[in-house]
Amino acid sequence: MEILKKYPKSIQWLFLLIVFFTLCNTIDIPEGYKFIRAQAEHIKDPNQVAYSFLGVEVRYYPYDTLWRLPPFIAWLPIWLNDSMDFLLNDWIPIEIYDAEIQEYETRPLILQITRIISASILFLIQAFREILIGGVETVVAFTSWDWIDANPWAELPGLPWTIVAAAAIILGYKLNGKGLAIFSAITMIYISVFGQWEPSMQTLSFVMVAAPISFLLGMVLGIWAYRRKRVEAILNPILNVMQTMPHYAYLVPIMVLFGIGDHAGAIATIIFATPPMVRLTLLGLRKVSPEVIEAGKMSGCNDFQLLFKVLIPTARRDILIGVNQVIMQCLAMAVIASFIGAKGLGWNLLLALNQLRIGLALEAGVCISLIAVLLDKMSLAWANKQTDYFANLTFFQRNKFGLFFVGSVILGLILAYVGSIMFKQGFNYFYEVPHNKGISTEAFWNAGVDWVWDTFFHSLKIFNTWLIVEVLQPMRAIYLRMPIVATFVLVMGAGYIIGGIRSALVVGGFTLFIALSPWWDRALVTAYMATFGVIVSVIIGTIVGSLCAQHNYSTKIIIAICDILQTFPSFVYLIPVMMLFGVTDTSVLIAVIIYATIPATRYTVEGLRSVPSALHDAGSMSGVTRLQRLFKIEYPLAFPHIMLGINQTVVFALFMVIIGAMIGTEDLGQYILKALSDAKGGGKGLILGLCVAFIGLAVDNLIRTWAEKRKKHLGIA
Amino acid sequence: MLLEINSKKYKETPEGFKKIVGLVGLTAAIIIIFLILDIFFGGSDKTLVSDKTVESDKTIESDKISDSVKNIISSLPKGRLNFFESSVGRQLSPSEFEAVCKNTKIVTQRAIMGANITNYKAQQLYFDNGNKIDKYSVKWDSSSKKCFAEYTIRALEGTSDTIKVSGEAKGFLKTSIDTRVYFIKNF
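Each protein sequence line maps, in turn, to chains A and B.
Letter by letter, the first sequence follows residues 370 to 1086 in the numbering used here.
Letter by letter, the second sequence follows residues 165 to 351 in the numbering used here.
Heads up, some of the hints might be wrong.
Claimed, not checked - Below 20 Å or equal to it, Euclidean Cα-Cα: the simulated EDC-like pairs (lysine to aspartate or glutamate) are:
| # | chain 1 | residue 1 | chain 2 | residue 2 |
| --- | --- | --- | --- | --- |
| 1 | B | Lys296 | A | Asp1047 |
| 2 | B | Lys175 | A | Glu371 |
| 3 | A | Lys374 | B | Glu176 |
| 4 | A | Lys375 | B | Glu176 |
| 5 | A | Lys1080 | A | Glu975 |
| 6 | A | Lys378 | B | Glu176 |
| 7 | B | Lys183 | A | Glu1077 |
| 8 | A | Lys374 | B | Glu179 |
| 9 | B | Lys303 | B | Glu321 |
| 10 | A | Lys375 | B | Glu314 |
What the hints assert, rightly or not - Facing chain A, a subset of chain B residues (Cβ under 8 Å, in silico):
| # | residue |
| --- | --- |
| 11 | Glu176 |
| 12 | Thr177 |
| 13 | Pro178 |
| 14 | Lys183 |
| 15 | Ile184 |
| 16 | Leu201 |
| 17 | Phe205 |
| 18 | Gly206 |
Stated by the list, open to error - Quick look at which bits of chain B chain A covers, simulated, 3 or more residues with Cβ under 8 Å:
| # | segment |
| --- | --- |
| 19 | 254–268 |
| 20 | 312–321 |
These aren't lab readings, by the way, just hints derived from the structure by calculation.
All residues carry an ideal CB built from backbone N, CA and C; glycine is no exception.
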């Protein structure tokens, strides 16, 4: 009893581990059990058991339920798919007038709605694209092909690259001075000189449509949630799931509903980018002090005026940070959306990776990263910029940037005209450097890859083999060897110790969903890969973060590096690792580690730096050494914050594991990728996405609950 | 009275003890629930084994054949390109080439795009229809001892003009799940 009083938590963990390992050792693998196989099979076999639910027949191989649960929700993806099929093809047929064939035809309501949405979004993308790089389809939309044939002058010529570059430089200067202007210039010149102008503008047009829609949608939902508690209560779990769902999972149902192409990619991007906007709008509005609201009301504001004249302007910074997040999410999706036909840099990058042309992929990757960093810096500068409403400025001072832009348009047009005379025989490089006609470093990088392979082949192979044989395979085997009852005991027991019965039930619910799906083994493989990535990332991140947090200068540098690395779209991380390790599981894991180390490092630095200096002084006065201060004062106080970093690390690792499926892993991601090429994969993709999200949410629940309790315990909540 | 005494006793019990009792209860509840589930839904391993013994000789023989092919395919390096008659990637022997061809069903987008390059009309239709293809197949031609892949590019909506592209399947990529055609040579 005394030991129990003294070490209650340790005894509880010890008991839990004893039960867990006892269960693992007593429950044997059933004879004939094949690992990594979807339980519900479509083939008929006399050894299978079948059940029917909601008209869907499911066949599966029955095993001891202590080992694996039957796939009782295997009907769900098929049912979802059939439902989507029914909604799209049969539900509420309506008469629609088709102007092309000049006849009425019957079309289901949902199909008509999805077609209208698709056409509207496609029109917007096309319009932006043609303003940037030229084309005829926007004009044709308002006239006809015959008209444009008769009036070829009406074709949109597209803006010369010099004008767009000048606009970016002027905007950069206006928002944040010389530094950002120089960076804008470097980005634009790189894009143009490397012949990436057209795909870059295609990507930009895609972002220019998806980002404002996400912004509006997110802001409306955020305001609604702010005004109605019930809406917030409903939105919260939905946003949690949406933010932990892997990018791929959005694509499959979108593809079923909207087909493939730029519009489908944009819709997937809008859905993916909206949650952070909702959250930041809500956060910003919540932060408005009651005094400000009271002042607004006392001035006689009605609800509408209070919202638009008081609340939103006061929450401006958080809302603009939301815009920054939306833009970042849109660029992160630019590559992934290319899986369903979105054109642009992402498509080129994907194609280059598919062809194993690492040099080409690197050029496109650098291009996306530069655009991402530029837009990130610009939107952050916009968010932080304060307007001086009382400044007494002359006409020129007020409008100088507009005037500079007009000047640059004129100059750009003159240059384009001069270019058309100078480069009469070939391409007008002052107008646009065509794709594949710019400078290319592909051969250099490809030679680099060959050199790496030739020089380090044996060392890399030894490392690869060691990692796979000695570390990864045993770890994978341990995860797969876990009987389901032992997993439940471990997961729910951990939930109970950390957060009580409520936490145990929440975590158990998430695990049960995955256990009843046909993909339990694959979920275990996903969990093992993410665990490996998280362990290594946390070790590296904590060490690097702890070292950098010791000095102000190194802190600034590491935070700046983390800022830049976090703006890179996740796909870009695959390029350097593929250069070194080829298309292997090791590549995926190393990409996971690099990607997931960023939040681990950032949160360690922020956690350690947030320890009050008074405590440092108190420690120094007590005569502690630097190491003692770190381990006895700083780490315990920073630990809740570091744990939140680990939480982020888990989500990042899960995302990267799923993206890694593109270069071949055996986890849930591989099935999500397969669902993309399956005509009936909509429901499957969605449920697989939910499985991944639930792994993330279960870990999130445990870590958040623990961190909150610890903060309360330390009195820093 | 008894209730009051019990509640007083419960309040006096240390939190750590209450927590461990709760944990034991939760663990026991999970195990019992799984045992009950096993009674209703648990499968019998013996049934599985006995059912397997009545499989016909033909099936067993076909399994043997597929096993040998499976062995060849499993010996291929995962994630690296495998070629026949090429200096790039890993080289396939004639028997491996045949086995891989016969067991490859998936034609990758990369192979499709590569094969389109030499056929302008096919490339145009492929882009216009939103990158849609219909049927595709991979076949082993025993007379020429070559592997051929073909696919049909879907017609535009409202038309029926499909284009069939075929060529020699030269490169294969083994993933964790299957083997895919990676290069189709059609010139």
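Now for the hints, and whether the structure bears them out:
The suggested pairing of Lys296/B with Asp1047/A holds, with an alpha-carbon distance near 12 Å, which does not exceed 20 Å. A threshold of 20 Å between alpha carbons decides the hint, and for Lys175/B with Glu371/A the separation of about 18 Å falls inside it, so the pair holds. Restraint check: the Cα-Cα separation between Lys374/A and Glu176/B comes to about 13 Å, which is no more than 20 Å; the hinted pair holds. For the given pair, Lys375/A sits about 16 Å from Glu176/B by alpha-carbon distance, which is consistent with the 20 Å threshold.
Of the pairs offered as hints, the one joining Lys1080/A and Glu975/A holds, with about 15 Å between alpha carbons and a cut-off of 20 Å not exceeded. For the proposed pair Lys378/A and Glu176/B, the alpha carbon gap of about 19 Å is at most 20 Å, so the pair holds. Under the criterion of a C-alpha separation no larger than 20 Å, the hint pairing Lys183/B with Glu1077/A is consistent with the structure, at around 19 Å. Straight-line distance between C-alpha atoms of Lys374/A and Glu179/B comes to about 8 Å, which keeps the hinted pair within the 20 Å bound.
The straight-line distance between the Cα atoms of Lys303/B and Glu321/B is roughly 29 Å, outside the 20 Å bound, and the hint therefore fails. Annotation: proposed proximity of Lys375/A to Glu314/B is violated, straight-line Cα distance about 72 Å (limit 20 Å). At its closest, the beta carbon of Glu176/B sits 12 Å from a beta carbon of chain A; the interface hint therefore is violated under the 8 Å criterion. Because the beta carbon of Thr177/B sits about 10 Å from the nearest beta carbon in chain A, more than 8 Å, this interface hint is broken.
Because the closest C-beta pair between Pro178/B and chain A is about 5 Å apart, less than 8 Å, the hint holds. Interface hint status for Lys183/B: upheld, as the beta-carbon distance to the closest one in chain A is roughly 6 Å, under 8 Å. At a threshold of 8 Å, the smallest CB-CB gap from Ile184/B to chain A is about 6 Å, leaving the interface hint in force. Hint status for Leu201/B relative to chain A: holds, with the closest Cβ pair at about 4 Å, below 8 Å.
Interface hint status for Phe205/B: upheld, as the beta-carbon distance to the closest one in chain A is roughly 5 Å, under 8 Å. Taking 8 Å as the C-beta cut-off, the interface hint given for Gly206/B holds, the closest approach to chain A being about 5 Å. With 0 residues bearing a CB less than 8 Å from a CB of chain A, the segment 254–268 of chain B misses the requirement of three and the coverage assertion fails. Counting residues of the segment 312–321 of chain B whose beta-carbon sits less than 8 Å from any beta-carbon of chain A gives 0, not enough to reach three: the coverage restraint is violated.
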